[in-house]
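Protein sequence lines correspond, in order, to chains A and B.
Throughout the first sequence, residue numbering follows the numbering used here, covering 8 to 292 in sequence.
Throughout the second sequence, residue numbering follows the numbering used here, covering 5 to 162 in sequence.
Everything labelled a hint here was simulated from the structure, so no lab data went into it.
Even for Gly, the Cβ is constructed at its ideal location relative to N, Cα and C.
Any given hint could turn out to be false.
Here are the in silico distance ranges between beta carbons for each label pair [unchecked claim]:
{"no.": "1", "chain 1": "B", "residue 1": "Asp75", "chain 2": "A", "residue 2": "Arg90", "range": "44 to 50 Å"}
{"no.": "2", "chain 1": "A", "residue 1": "Gly292", "chain 2": "B", "residue 2": "Asp59", "range": "35 to 41 Å"}
{"no.": "3", "chain 1": "A", "residue 1": "Asp17", "chain 2": "B", "residue 2": "Asp59", "range": "23 to 29 Å"}
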Amino acid sequence: MQYEAPQTLDAAVALLADARGAARVLAGGTDLLVQLRSGAIEPDLVVDIKRIDELKKITAEDGGYRIGAAVSGAELGEHEGVRALWPGVVEATELIGSTQVQGRATMAGNLCNASPAADSVPAMVAADATARIVGPDGVRDTSVRDVATGPGQTSLGRGEIVVSIFLPARPARSGDAYLRFIPRTEMDIAVVGAAVSVSLDDEGTCVAARVSLGAVAARVLLVDEGARVLIGTKLDDDALQALAAAASAACSPINDKRGTIEFRTDVAGVLARRAAQTAFERAKG
Amino acid sequence: MSQIHVSTTLNGDPVEYLCEPDETLLDVLRDRLGLTGSKEGCGSGDCGACSVTVDGRLVCSCLVLGAEAQDREIETIEGVAQGENLHPLQQKILDHAALQCGVCTPGFIVAAKALLERNPDPSETEVRYWLAGNLCRCTGYDKIVRAVMDAAQEMRGA
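Just chain B, same shape as in the assembly (with noise of 0.2 Å):
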């Protein structure tokens, strides 16, 4: 099997990779371009751990192929702080103490970025909605919900 040359920006950082035509760009992420902010819950796209965005688009990234991302704009989690700073949503996660175990932490604050992107100012049902392809098996949703509508309060006054 011949490998696929993609070039790709990544964080705002242009990147090149050498991929296999079927391995997903969540396996290139975390095992190529050692990103393993974006993890594996299922493999299937029902968890939501792996979220990125793609042009802007909140997608799994276990049901991307690494090639699909010639060309294409990718953020992870590792570009959400900028440098030692975290995003409000990283520290209203840690504030209320919003994960356990962590594992779907990132995908959490990546698909409630894009959220509060389009919509600065949503209501409790619309961000359950909103992150019902994000699953967390340890808080029980309610301290997640709180910290994104938290950090989205925050971001408004700013």
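Here chain A stands alone, though its shape is the one from the complex (with noise of 0.2 Å):
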């Protein structure tokens, strides 16, 4: 295996282009050092993007935030205008693993790992993120939801590295939440997770809003219909219910060990619910 550490992008781009083998990119490091360690990989070359200065930034931009995919957990988690324009995103990747790991973890691995049950996408797909990915052919931004395929997959071409997630301008009444079940209290993988995203009028009345699900099917979900029947409400019960069975209704997931199908499915309504709550009242300040 071949180690580069390069300090341009361009150097990671041609290096990953011209990698003969497998090649892989090393941001934090919690998921690749894990899956080299235990053999599930043997690239040939490893392009560590940590020393790129661009990628260790998180830099305002168009009212929203570019977050360079290089910045950890731990660093997105201590910048105050992250957290207070998206909550939600920020609480969803400090929920990822221990301490140690919010050291190294990034939101760009998390999304480039491609586990359905990766806890910072669901919240990045409700707060309509965009990833930018650089390549041999040039600059391009696509939806978060499109870079993920399946369990393990990416939608990225040879040489291409996702290098930035943007969270964009909001409104103000806005707010986003993600929850998440698990059976302990810390440090483990969601069993269900979800995330809500809303934007209210002056009466408090929903005029935008966008839920997402994860672990419960083989790709982070959108509910459009969730979003569908809370707008135009203020979150009564009638919309609270009508949500969970939207929530509910979109899951297709598998049977393991840590969930049944018919658990998955519950939770979700579940989860969606109380994550839509929680939203609505950080919209309301």
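If you follow the hints, you should be able to join the two separate chains into one complex; please do so.
Now the structure itself:
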């Protein structure tokens, strides 16, 4: 295995594009090194992107924030601006692993690891975040929804790197939240995850919503019907029930040791409801 | 496989070593530099026994490549005591008998030190969540948590 830590994005893309065998990007390494050490992957080249200055930064942009692909969860959590604008995205990212894992793990890595149970991804999908991808053919922006195509699979082409995640601006009276179910209190993989983002008008009526679920399908889901039943309401009991039903209806989970199909389907509704309540409270300020 | 030459700062001192590209920082510390205080419990980032700080940030050294340490500042358990003088966390772990087999203890001390540098007055809940990535299979955690709270109190008074 060859290890490279280039200082420019161009050099990183060239290394990956020219690699003769299997190549991997190293950001936080909290998934990559586990896979490496277990023998699950045997890359010929690992490109560490943490020496590329622009990938280490959080920058304000068009009223939102651009999060570099090498920004750790701990660094994200310490950024007051992102916390204030997208608290649900920050709380979702901070749920990944332990303090030690937070010192290294990144949102972009969580996205590219392409686990259906990735905690930060439903929150990013609810936030309508965009991934900026740089590769041999230049720069492209794509919805974070389109990066993972299935468990462990991404739409990234040869030599392409996710270089940043863009969290957009949002109107006043907006809020988001992420909740997951695990059988412990911390340090576990989501059995179900649910993220909700809403914007309210001056009367507190929902005018925009996005609902996303994790760990209940091969990919993180965007539940359009869940958003539809929230818009135009003040989150009364009927809206909450309709949201839970829509969330459960969207699920196509697997049975495994962490949860059955029936359990995941039911809990998805419960968590969507609770996340919506928190998102509304945050939107009201 | 050609080895990589790394220059880094380890517990305040400049250090150079050669390592394999796929060798972890934990293996470098233990097998090349003779610093065996950091332990390998799981090798997958779950247990925290290999906790060190890299540029002040708490990490599992089993999930860091040795090559990544170039130009960084690494702090390990070996840098916690000042000569013969134990750090208050070390002393309180002894006073509270907060260890049995001791494999997890260096990781707990490094992790707790990183906490107290950020938050000198943590609540018990904050201590427990911060240390959730450090596993102990002997003590049941209570004595460790009490030792950390006690050390924090002493350090605030100092």
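Taking the hints in turn, this is what the structure says about them:
| no. | hint | verdict |
| --- | --- | --- |
| 1 | B:Asp75 / A:Arg90: 44 to 50 Å | 30 Å, violated |
| 2 | A:Gly292 / B:Asp59: 35 to 41 Å | 36 Å, holds |
| 3 | A:Asp17 / B:Asp59: 23 to 29 Å | 25 Å, holds |
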